[in-house]
Amino acid sequence: MTSSTQSLPTTQARWQRLSPWSVLHFLFMQLKQSVSIAIYVVPAYVVGGHKLINSEYFPLLLLAVGAGWVVSSVLKFYFFQFTVSDKGIAIRSGVLDRTFTDLPYERIQNVKFDQPFYFRFNDLVIVTLDTAGSAKQEARFAGVTSDYAQLVKSTVMQAHRQQSAGAEADSTEPDESDAQLLNERSIRDLILHGITNNRVWIVLGSLAPFYEQISGFIFRQMNVLRPQVEAWFGEQVVTLWYVGVMSVLVAIVLLILMALFSIGGCVLMFYGYRLTRQGEKYIRRSGLLNRQEISMKRSRVQIARQQQDWLDRVLGRVNLYFEQNVTGRANPNELKATHKLLVPSVTVAESDELTSNVFAAQRARHMDFTAIHIRYLWRQLLLWILPLNGLTSFVCFAALGAAGALPALMILTITVTLTYLHWKRLGIASDDNYIYVRKGIIGIDYWCFPLAKVQQVIVKQSVFMRRRQLSTLGFVLASGKVSVPFVATLFAAPLVERVLYEVEVKKPGWM
Amino acid sequence: MEHLPVTNHPLYSQQLPCLGELPTEPIAARYRTLNLAVTVGFSLLVFLVLVIVTYQPWFSLPVELEYSIGVAAIITALLGGLIFTYHFFADRLIFYTLREQDIVLYKGLIFKKVICQPMLRIQHIDIQRGPLERFADLATLKVYSAGGSDHTLAIPGLPHDIAEKMRQFVLNHSDLTRD
Chain H
1 MTSSTQSLPT
11 TQARWQRLSP
21 WSVLHFLFMQ
31 LKQSVSIAIY
41 VVPAYVVGGH
51 KLINSEYFPL
61 LLLAVGAGWV
71 VSSVLKFYFF
81 QFTVSDKGIA
91 IRSGVLDRTF
101 TDLPYERIQN
111 VKFDQPFYFR
121 FNDLVIVTLD
131 TAGSAKQEAR
141 FAGVTSDYAQ
151 LVKSTVMQAH
161 RQQSAGAEAD
171 STEPDESDAQ
181 LLNERSIRDL
191 ILHGITNNRV
201 WIVLGSLAPF
211 YEQISGFIFR
221 QMNVLRPQVE
231 AWFGEQVVTL
241 WYVGVMSVLV
251 AIVLLILMAL
261 FSIGGCVLMF
271 YGYRLTRQGE
281 KYIRRSGLLN
291 RQEISMKRSR
301 VQIARQQQDW
311 LDRVLGRVNL
321 YFEQNVTGRA
331 NPNELKATHK
341 LLVPSVTVAE
351 SDELTSNVFA
361 AQRARHMDFT
371 AIHIRYLWRQ
381 LLLWILPLNG
391 LTSFVCFAAL
401 GAAGALPALM
411 ILTITVTLTY
421 LHWKRLGIAS
431 DDNYIYVRKG
441 IIGIDYWCFP
451 LAKVQQVIVK
461 QSVFMRRRQL
471 STLGFVLASG
481 KVSVPFVATL
491 FAAPLVERVL
501 YEVEVKKPGW
511 M
Chain S
1 MEHLPVTNHP
11 LYSQQLPCLG
21 ELPTEPIAAR
31 YRTLNLAVTV
41 GFSLLVFLVL
51 VIVTYQPWFS
61 LPVELEYSIG
71 VAAIITALLG
81 GLIFTYHFFA
91 DRLIFYTLRE
101 QDIVLYKGLI
111 FKKVICQPML
121 RIQHIDIQRG
131 PLERFADLAT
141 LKVYSAGGSD
151 HTLAIPGLPH
161 DIAEKMRQFV
171 LNHSDLTRD
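Keeping their order, the protein sequence lines are chains H and S. In terms of my numbering, the first sequence has 224 at position 224, counting the first letter as 1, and numbering is strictly consecutive. In terms of my numbering, the second sequence has 139 at position 139, counting the first letter as 1, and numbering is strictly consecutive.
There may be inaccurate statements among the hints.
Each pair of labels, with its calculated beta carbon distance range [said to hold, decoys possible]:
(1) S:Gly108 / H:Leu409: 50 to 58 Å
(2) H:Leu400 / S:Leu36: 35 to 43 Å
(3) S:Gln128 / H:Tyr40: 34 to 42 Å
(4) H:Ala452 / S:Gly70: 55 to 63 Å
(5) H:Asp432 / S:Val38: 49 to 57 Å
(6) H:Leu418 / S:Thr152: 33 to 41 Å
(7) H:Pro387 / S:Tyr86: 17 to 25 Å
(8) S:Thr24 / H:Arg375: 24 to 32 Å
(9) S:Gly130 / H:Ala452: 33 to 41 Å
(10) S:Gly130 / H:Leu409: 51 to 59 Å
(11) H:Arg375 / S:Gln128: 54 to 62 Å
(12) H:Ala179 / S:Gln128: 44 to 52 Å
(13) H:Pro494 / S:Ala29: 43 to 51 Å
Chain S is nowhere near these chain H residues, computed Cβ spacing over 12 Å in every case [said to hold, decoys possible]:
(14) Asp97
(15) Val250
(16) Val314
(17) Val499
(18) Pro508
(19) Met511
Just so you know, these hints were derived from the structure itself, not from any lab. All values reported here derive from a predicted model rather than from experimental measurement. From the three backbone atoms N, C-alpha and C, an ideal C-beta is built for every residue, glycine too.
Just chain S, with the same shape it has in the complex:
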């Protein structure tokens, strides 16, 4: 046990893992573009429906309903604006680092979160791609540990080929065949 601090030192200096200055990689820039576009597109769609309902020629709306359509439009604008602002600032702040022994994810706008998942504790790993992500050639890498589904490490907005490579790297990692 006494020799441990000696072998510790080089590791310590390299391994300021979550709080120190690690070289990081940003996720794909088009992840942010996609999110912003989706937010704008969805808000416009809701507006369009509201406009169609209001101005269609077939029937006239009761006064109360006209009022609530106004409220719905305001809520849509507010929510859309909020989500747009969030993605505008927050998506640029998602970084990750793949190291020999762990995966580290950095994210958060007001609350900066650093999540570090040791390879040894990975139970399984998968790649998720929704239709829009497929359209933009993006993927989300999900890493599961025994900590339960609430603590799944998910790296969004990875280019598909990089996500595949990362997945393969993790699968080939010697630690995954342990216990």
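Bound conformation, chain H alone:
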């Protein structure tokens, strides 16, 4: 409240309210909230709630909820007040929980205008004041005229200019000044990252040992309830249907929870993601609850991996990893690992640009890759895919009889296609300074590392491969091994020589 007691040269010194139309905004926000709750409420209602609540009262219930929203929106509008002074902007809001936000101008990083569809007809905007404090402190006032919004913006900008002119010496972050911003991730990017990343499946996978216990528990509950359910519905068919629906609903709710968990974790982890370059150092800052900062010297980056899963490919995104040495580190947790610098879900162009920033003149995405020999495909098929398919077909036929042909054929088609794609993607290329490896099944991964970073070279050949002049190449880097199977020896031998020449004769450092 300090701002109101100071001298107030600006005309908007009094506490004022938003336009009454802002009620629409509050209403819409509540609606959005309710939808996310409805995901859980609706299945619950379908399963058991309709027994507790008489359907006659249902419209009344909806009406009551709607009226509640309107009342609370009006109250929110009434209690929302703000003031613009020469020091900053202050906001009082909240009906029961009163919140007082005081934003000095120097803390406001950005002023943003949004115009949602419900404000379009009367030309009102939502003003969002971005602050870059460690605590999330963002202020928004919905429903002001766009002229007034411009006035707020120019007031903020003017105050900024005055401050920077008045106190040049007072630079609080001297190190930040020469830092060059390379990349930032918005919440939308992070949600995409949360969806595309396999974290959900990792969690589901780790739950697998408990599936039996969980399903056992559910079925025991079912058995307990069975007499009652039969009494209600009378018929066994209905019971079975009930059980089926229940199980599916439980599974869906679990999946939704997992997905939300994954997205939430991702947003928490990477919130406010900023990748900056400061001289020869890359610094990544992110995190909502704990700000995490990882810095990596440019010369220590051993490999750049542009990873793209199938879902990433659909959305046109790439996860970019820069990795340094892992020696002496045993931290399998990818999120906390400090030897990896992840730029989550960037676009293809961005990832190419960032990779070039670390490895100058790299051309990972523009090389002609040498395909690996088709014998690799035959070997995978004969050694793994076909025997496994034989086994599954046997099981299918044993269980389903002639109808087993359908799933067996499906599994065969899918596995063979995926193996084919995997083979098709594999490739290796090199230019004067780098080795490029292409991998993937549906999405395409591009790995790129300098010849000079190689620690050890491994060449593997089976008796059959030797006859066909093929070898499996392995390059051990400080960040791990990169191996490419079934490369023609004609390609591999000169490459190995070149790598050894680069390392042993030029003697570059790897750190």
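Since chain H is already given, all that's left is putting chain S on it; use the hints.
Relative to the frame of chain H, chain S by itself:
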């Protein structure tokens, strides 16, 4: 940069490092003898225990246990035979080459593996000798790079004095004092 291919050529012709025909040295022949002897000895020991358990005079075994002793004997014979065969053929195929700038190890029965470790990238080096290796005067030379413990280059079955000399050579190598 343009003069590089010129200085390259002599290196290229010499340096068909991993795939070309390099002069190689075999490891000590007694490494194989030792492995074979150990395999036979261990299998016989297991057999002996099984025989003692079966024919000892103090108590009689239940029928199921007699059956499982038979299974254990078969498994021991199979495993022992397999390991014996492997060492019989594979140990003769371990070679190494110590060059000015790197150490190369050749090994593998079905999968021929050639591992090349440049001196420049060696982090440290040590010699390991178990009791049996000490008995046969053998040693294993282990070369560690920054690639992690999974990619340690280990040359087994070296005569102890040669292993020591190799270790000293690597330690004296000028590249080890770099970065």
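Assertion that H:Met511 lies outside the chain S interface [Cβ separation over 12 Å]: For H:Met511, whose nearest Cβ neighbour in chain S is about 6 Å away, the distance does not exceed 12 Å, so it is violated.
Does the beta carbon distance between H:Leu400 and S:Leu36 stay inside 35 to 43 Å, or does it fall outside? 52 Å, violated
Does the Cβ pair H:Asp432, S:Val38 satisfy 49 to 57 Å? 50 Å, holds
Taking C-beta pairs only, is H:Val499 more than 12 Å away from all of chain S? 9 Å, violated
Lying within 51 to 59 Å: is that true of the beta-carbon distance S:Gly130 to H:Leu409? Given range 51 to 59 Å: holds, Cβ gap about 54 Å.
Does the hinted range 34 to 42 Å hold for S:Gln128 and H:Tyr40 at CB? 60 Å, violated
Does the beta carbon distance between H:Leu418 and S:Thr152 stay inside 33 to 41 Å, or does it fall outside? 34 Å, holds
Cβ separation of S:Thr24 and H:Arg375, checked against the hinted range 24 to 32 Å: Since S:Thr24 and H:Arg375 have Cβ atoms about 28 Å apart, the given range 24 to 32 Å holds.
Whether H:Val250 stays farther than 12 Å from all C-beta atoms of chain S, as the label says: H:Val250 clear of chain S: closest Cβ-Cβ about 42 Å, beyond 12 Å.
Assertion that H:Pro508 lies farther than 12 Å from chain S (Cβ): Given that some Cβ of chain S is not farther than 12 Å from that of H:Pro508, nearest at about 8 Å, it is violated.
54 to 62 Å as the expected CB spacing between S:Gln128 and H:Arg375, which holds or is violated: Between H:Arg375 and S:Gln128, where Cβ atoms are some 38 Å apart, the hint is violated.
Hint check for H:Leu409 and S:Gly108 - Cβ pair distance inside 50 to 58 Å: 39 Å, violated
Of the numbered hints given earlier, the model fails hints 1, 2, 3, 11, 13, 17, 18, 19; all others are met.
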